[in-house]
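Here is what each chain is made of, one letter per residue.
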Amino acid sequence: MHVGISQIESESGKKSIIHSLDGRIKLIITLCIIIYAVYTTKIPVLWVMELYLLVLILVSKVSFSYALKRVLLILPFGGFIALFQPFIKPGVVLYTLPLDITITYEGTIFGILLLSRLIVCLTAVVLLSSVTPIQEIVNSGRRMGFPRELALILSLTIRYLFMFYDELERIRNAQKTRCFDIWNKKTSYMWRLRQIAYTIVMLFLRSYEQGETVYFSMLSRGYSGESDMYQEKKKISLNDYLFIVLTLILILSIELIRHFYFI
Amino acid sequence: MHIPDGFIPLWQAVIYYIIAIIVGFYSIRWARTSLDERKVPLLAVLAAGIFAIQAMNIPIPWGTSGHMVGAALVAIVIGSPFAGFLVLTTVLIIQALFFGDGGVTALGINIFNMAIISSWVGFYGFKWLKPVISEVPAVFVAAWASIFLAAIACAIELSLAGTFPLTLGLYFMGLYHAVIGMVGEGLITTIAFLAIKGVRPDLISGEEVGSHG
Chain C
1 MHVGISQIES
11 ESGKKSIIHS
21 LDGRIKLIIT
31 LCIIIYAVYT
41 TKIPVLWVME
51 LYLLVLILVS
61 KVSFSYALKR
71 VLLILPFGGF
81 IALFQPFIKP
91 GVVLYTLPLD
101 ITITYEGTIF
111 GILLLSRLIV
121 CLTAVVLLSS
131 VTPIQEIVNS
141 GRRMGFPREL
151 ALILSLTIRY
161 LFMFYDELER
171 IRNAQKTRCF
181 DIWNKKTSYM
191 WRLRQIAYTI
201 VMLFLRSYEQ
211 GETVYFSMLS
221 RGYSGESDMY
231 QEKKKISLND
241 YLFIVLTLIL
251 ILSIELIRHF
261 YFI
Chain L
1 MHIPDGFIPL
11 WQAVIYYIIA
21 IIVGFYSIRW
31 ARTSLDERKV
41 PLLAVLAAGI
51 FAIQAMNIPI
61 PWGTSGHMVG
71 AALVAIVIGS
81 PFAGFLVLTT
91 VLIIQALFFG
101 DGGVTALGIN
111 IFNMAIISSW
121 VGFYGFKWLK
131 PVISEVPAVF
141 VAAWASIFLA
151 AIACAIELSL
161 AGTFPLTLGL
171 YFMGLYHAVI
181 GMVGEGLITT
191 IAFLAIKGVR
201 PDLISGEEVG
211 SHG
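Protein chains in written order, with our numbering: chain C, 1 to 263; chain L, 1 to 213.
Check each hint, because a few of them may be wrong.
[Said to hold, decoys possible] Facing chain L, from chain C, some residues (calculated, C-beta under 8 Å):
id: 1; residue: Leu31
id: 2; residue: Pro76
id: 3; residue: Leu118
id: 4; residue: Cys121
id: 5; residue: Val125
id: 6; residue: Ser129
id: 7; residue: Leu154
id: 8; residue: Leu168
id: 9; residue: Val201
id: 10; residue: Ser207
id: 11; residue: Gln210
id: 12; residue: Glu212
Read the hints as simulated data drawn from the structure, not as lab findings.
All C-beta atoms, glycine included, are put in the ideal place defined by N, C-alpha and C.
Starting from the given sequences, assemble the full structure and let the hints guide the process.
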């Protein structure tokens with residue numbers, strides 16, 4: 001979330017063949033790629049998938065550095081666990097470092113596998129969110145059979161997400177102009193913590209009260225428990241079919257090639 | 001604590017998904033019968049607020065920074081673990097699908113840890129401890145435990161998945177979150193709880209919503 005939330009939204013507003021695909025198709029393709037990446041245990045397979053995703057990014061005209069930055073920023077927690085693997089997985093010892101720390105072959109392979117999987121899955125999500133506005137993904141989900149309540153909650157949350165992000169930015173700027181810094185040792189630690197807690201309370205109450213207002217105004221416009229989201233009818237075009245078939249053929253052929261040559 | 005894709009085998013991921021869907025089913029039912037389903041929009045907007053709250057950096061001694069999860073706060077203030085579940089699940093779905101924070105196949109497991117365990121531990125921890133150690137300490141302990149136990153669960157799950165050994169995982173995840181949880185979740189939730197009680201005492205029900213109907 002260090003890449004501005006509005007930048008993600010502005011990337012998704014660009015125009016390209018990939019952007020113009022139906023939201024459902026993009027969602028299905030992303031899910032297929034992620035599930036296949038989690039399923040496979042072969043590293044070269046993952047690299048081919050990554051290559052395919054990179055080609056898609058190129059075709060979609062999404063800024064490369066932006067996509068890379070996003071993937072790198074999310075990497076740490078998972079990357080940390082992957083980097084640890086060579087030292088903790090038992091197996092054939094490759095090197096022995098001082099303090100009896102060993103690097104094993106199995107661990108190294110497993111670490112690379114985890115890292116490759118992670119990168120493929122992250123690239124897929126980054127691509128999806130860069131070529132599809134958030135709201136459209138939720139609408140597509142609803143069309144594909146997401147429960148009504150869930151789709152409603154998600155779409156409302158997304159509407160207010162940007163608002164509260166702006167709110168947070170404003171509060172941060174206001175604090176900055178008053179030289180507030182969470183690491184400033186000149187103020188007591190508890191005092192700083194209290195200021196942050198108050199900011200959190202501010203956001204909590206504002207979102208709660210906004211929620212009440214939204215609820216009442218929806219109610220006065222005839223909202224009831226049975227209300228559903230408006231769905232624009234959209235037809236799946238030839239391009240959409242072409243694209244999904246292409247991806248499935250790719251996954252299938254990778255799997256077949258792997259089956260006949262690798263094992 | 002967001003587990004990414006590829007760290008949990010598919011068949012295990014499916015199990016957590018099933019648990020999440022079952023709890024989700026009951027949460028929606030709770031919202032329908034106890035909260036008045038129409039109030040669902042309120043929780044949705046609150047989720048947007050929690051999303052922003054999670055982006056706030058909280059200084060932890062020794063130079064690291066953490067952030068709040070907020071499940072305990074929502075569950076305690078609204079007065080039901082189901083509210084915590086609905087809000088946190090919404091946040092987690094958006095994080096997984098749009099920001100890559102936590103995996104898509106690992107969404108079930110992340111919901112299990114941060115929406116289910118955190119909300120229930122936070123709420124019932126508060127409810128059971130309140131008569132014993134009075135209100136404010138109860139908020140602190142419950143909020144801390146909500147993070148600590150979720151982290152422990154996370155370590156156990158990663159070891160079940162064969163991704164990270166149990167003792168090392170418990171040590172890293174447990175210790176790290178025991179400290180982060182004390183400040184990031186425990187203290188902040190307590191201060192926030194007191195502040196909300198001061199400004200909008202009507203919000204804090206203290207009673208379990210819908211426990212009598």
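For each hint, the structure was consulted:
Proximity of leucine 31(C) to chain L holds as hinted, the smallest CB-CB distance being about 7 Å (cut-off 8 Å). For proline 76(C), the interface hint is violated, since its Cβ never comes within 8 Å of a Cβ in chain L; the closest pair sits about 10 Å apart. Checking leucine 118(C) against chain L: minimum C-beta separation of about 5 Å stays under 8 Å; hint holds. The closest approach between the C-beta of cysteine 121(C) and any C-beta of chain L is roughly 4 Å, which is under the 8 Å cut-off, so the hint is satisfied.
Because the closest C-beta pair between valine 125(C) and chain L is about 4 Å apart, less than 8 Å, the hint holds. A cut of 8 Å between beta carbons decides the hint on serine 129(C): the least distance to chain L is about 4 Å, and the hint holds. Of the supplied interface hints, the one on leucine 154(C) holds, with its beta-carbon coming within about 6 Å of a beta-carbon of chain L, less than 8 Å. Residue-level restraint check for leucine 168(C) holds (minimum Cβ-Cβ distance to chain L is 4 Å; threshold 8 Å).
Hint status for valine 201(C) relative to chain L: holds, with the closest Cβ pair at about 4 Å, below 8 Å. Given hint, serine 207(C) at the interface with chain L, holds; its Cβ is 2 Å from that chain's nearest Cβ, closer than 8 Å. The interface hint given for glutamine 210(C) holds, since its Cβ lies 5 Å from the closest Cβ of chain L, which is under the 8 Å cut-off. Annotation: interface hint on glutamate 212(C) holds; nearest CB of chain L at approximately 6 Å, less than 8 Å.
The structure fails hint 2 only (numbered hints given earlier).
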